[in-house]
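Colleague: The primary structure of each chain is shown beneath.
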Amino acid sequence: MTAIKIVLVLAIIAMFWAFRNRSRVGLRAGARLAAILLALVAIVSIIDPTVTQRVAEALGVTRGTDLLLYLLVVVFAATSLGFYFRFRELERRLADLARAAAIREAVTMQGMPTGAAGSAVSEPATDRQG
Amino acid sequence: MTEQAANTDVWVVVRCFNEAQVVRKVIEELRQSFPNVVGVDDGSRDTSSAEMVAAGAVVVRHPINLGGGAALQTGIEFALLDPDAQYFVCFDADGQHCVEDAVSMVERLRRGEEDILIGSRFLGSAQGMPRNRRLLLQGARVFERLTSGVALTDAHNGLRAFTRAFAERLDLQMTDMAYASELLSLIKSSGLRYAEHPVTIRYTDYSRAKGQRSINSVNIAMDIWLHQALRGRRR
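Protein sequence lines correspond, in order, to chains A and B. As numbered in our numbering, the first sequence has no gaps in its residue numbers, which increase by one up to the final residue, 130. As numbered in our numbering, the second sequence has no gaps in its residue numbers, which increase by one up to the final residue, 235.
If you're looking for bench data, these hints aren't it; they were derived computationally from the structure. For glycine and all other residues, C-beta sits at the position ideal for the given N, C-alpha and C. Treat the hints with care, as some may be off.
Far from chain A, some chain B residues (derived; all Cβ distances over 10 Å) [said to hold, decoys possible]:
hint	residue
1	54
2	61
3	77
Which chain A residues face chain B? A few, computed with CB under 10 Å, are given here [stated by the list, open to error]:
hint	residue
4	3
5	7
6	60
7	63
8	66
9	76
10	96
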């Protein structure tokens, strides 16, 4: 078991944990800090490209590019899941908005639903609108 | 007594997306037993809305297509505005359900032994059901038992009836057809009493053509699993 395997498995577990608790403010702050850290690492590895190679060797990976590929896969998965939840949240809000508009329109046009009164709806409140 | 006979305390929710051909007849049949029908037009591009109004339904129209779960939620929220509404029935617009089944479900709810009744074509009968559909539903049954903990003979049946107690708790977030599974989880977590009720499903050429593609079950299962595995804390 090389070090990289442990790192990657831990990263995947951490990812699931993070998404289960995605509404915690601390985690969102952590994600931003990680982004800054990533930028710093990028700058360092541009200045000295041998850094990635040395880190790779320390973790038991043959080439620095392979290490980057592995990490990229993890980051990509995390990003995809992030967007999935983001889109679903947006979809939910859109549904809430459309529902509110639809019900409001139905009530203004056809009146409040009053089944027990005999007819399905009360008289529309047209006279009360300007 | 008269209220019970006339079913004025019942609201039937019919979700409808481009079903102009058949929805009028479905609602006219329903209206013979239930005076209150709310048709939710889920952004249809045909004349579904007009057909439903002509059949005597109150129509709530989504400005855009949102999906089955969202439409059901809209219908229930609208019907809940009627303070006298006690029973709620979900009925498909494509004519595959029988009004008599809905009537007997409401009668059973009135006895007060259950809060939620879910139609089961396997306890009742399914006329002309394609074989692969039967297999798929068996699979869905196992899936539901594993994910929601609700054991049913028919996992995805559009004919359901429930009391106001459950309607007020209804909060469907999955807008598409995955709502059926979400609904079962809600039933489980509500702690209300539920049971299955034998119903007849009529598979017509129309409903077979309009129905969901079987492969869509993969999408549904994946969404449900992600929803449950990564549910997260509700804000």
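Colleague: Compare the structure with each hint and give your call.
Modeller: Okay, the hints, checked on the actual structure:
no., hint, result
1, 54, "14 Å, holds"
2, 61, "6 Å, violated"
3, 77, "6 Å, violated"
4, 3, "28 Å, violated"
5, 7, "22 Å, violated"
6, 60, "30 Å, violated"
7, 63, "33 Å, violated"
8, 66, "29 Å, violated"
9, 76, "17 Å, violated"
10, 96, "9 Å, holds"
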